[in-house]
Amino acid sequence: MSNPTHSKPATDPKRELLRHTLATLAYRGGKALRQAPEGFSEFRAGEGVRTAGQILAHVGDLFDWGLSIALGQQKWHDSKPLPWEQEVERFFTALKKFDVFLASSEPVHAPFEKLFQGPVADALTHVGQIAILRRIARAPVKGENYYVADIEAGRVGADQAKPELEF
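Each step along the sequence shown adds one to the number in numbering that gives the first Met the number 0, with nothing skipped, and position 25 is 24.
These are calculated hints, taken from the structure and not from any lab test. Treat the hints with care, since some could be wrong.
What the hints assert, rightly or not - Result set (EDC-like, lysine to aspartate or glutamate): computed pairs, CA atoms no more than 16 Å apart in a straight line:
id, residue 1, residue 2
1, LYS79, GLU105
2, LYS96, GLU112
3, LYS13, GLU105
4, LYS113, GLU37
As the list claims (entries may be wrong) - Computed beta-carbon distance windows for the label pairs:
id, residue 1, residue 2, range
5, PHE115, GLU84, 27 to 33 Å
6, GLN34, SER103, 31 to 37 Å
7, GLN116, LYS96, 35 to 41 Å
8, GLU37, PHE115, 31 to 37 Å
9, ALA120, ALA157, 21 to 27 Å
10, GLN73, ALA136, 30 to 36 Å
11, THR124, PHE166, 40 to 46 Å
12, LYS141, SER104, 35 to 41 Å
Note that the coordinates shown come from a computational prediction; the quantities given were computed from them, not determined experimentally. Glycine residues also receive a C-beta, built at the ideal position from the N, C-alpha and C atoms.
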C-alpha cells in the first residue's frame, strides 16, 4: 500500500488544483455571503432545516477539519454560529489558514483526492445552499459566468476580483 503522505513542493499539480478550488470557494462563497439581508443568519427554508448561520458555521468547521487532516492531526468540532459578520470573517480566515498550509512545502498527510472529496466538496455544496437560501429569502445574488471569473490560487480573502460577466 502506498504512503498517503504527499511531500512534493507546492507546485504539485494536485496541490495547486486544491488551492485553486479554495480560491473558487472564496470567490463564490464571498458572493453568496456579501450584502446578506438583515436577519439572514437566522433564515431557515423550512422546519428541521439548518439556518444560513448554521450552514456557514459548518463550512468553517469543514475548513478547520480539512486543515487538521492535512496536518495529520484529524479533529472535528461542531461550532455554534457566531453573528453573521463574524462567521463570514471566520469563513475567510479558515480558508486562508488552509491555503497558507497548502502553499507551503510542508507535507500533506492525506491524499489530495480525499481532502477534495470530503471537506472541500462538502463546502462547495453548502456554499450553494447558502446561495439558494438567498434566493428563497428574496435577496438573490446575481448569476455569473464563473468560467471567465478572475479566480487564482492564493486569493482566498474577502477581497475578491469584480465579476467579469454577471447576468
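| task | Would you pick out the hints that fail for this structure and give their numbers low to high? | result | 1, 2, 4, 7, 11
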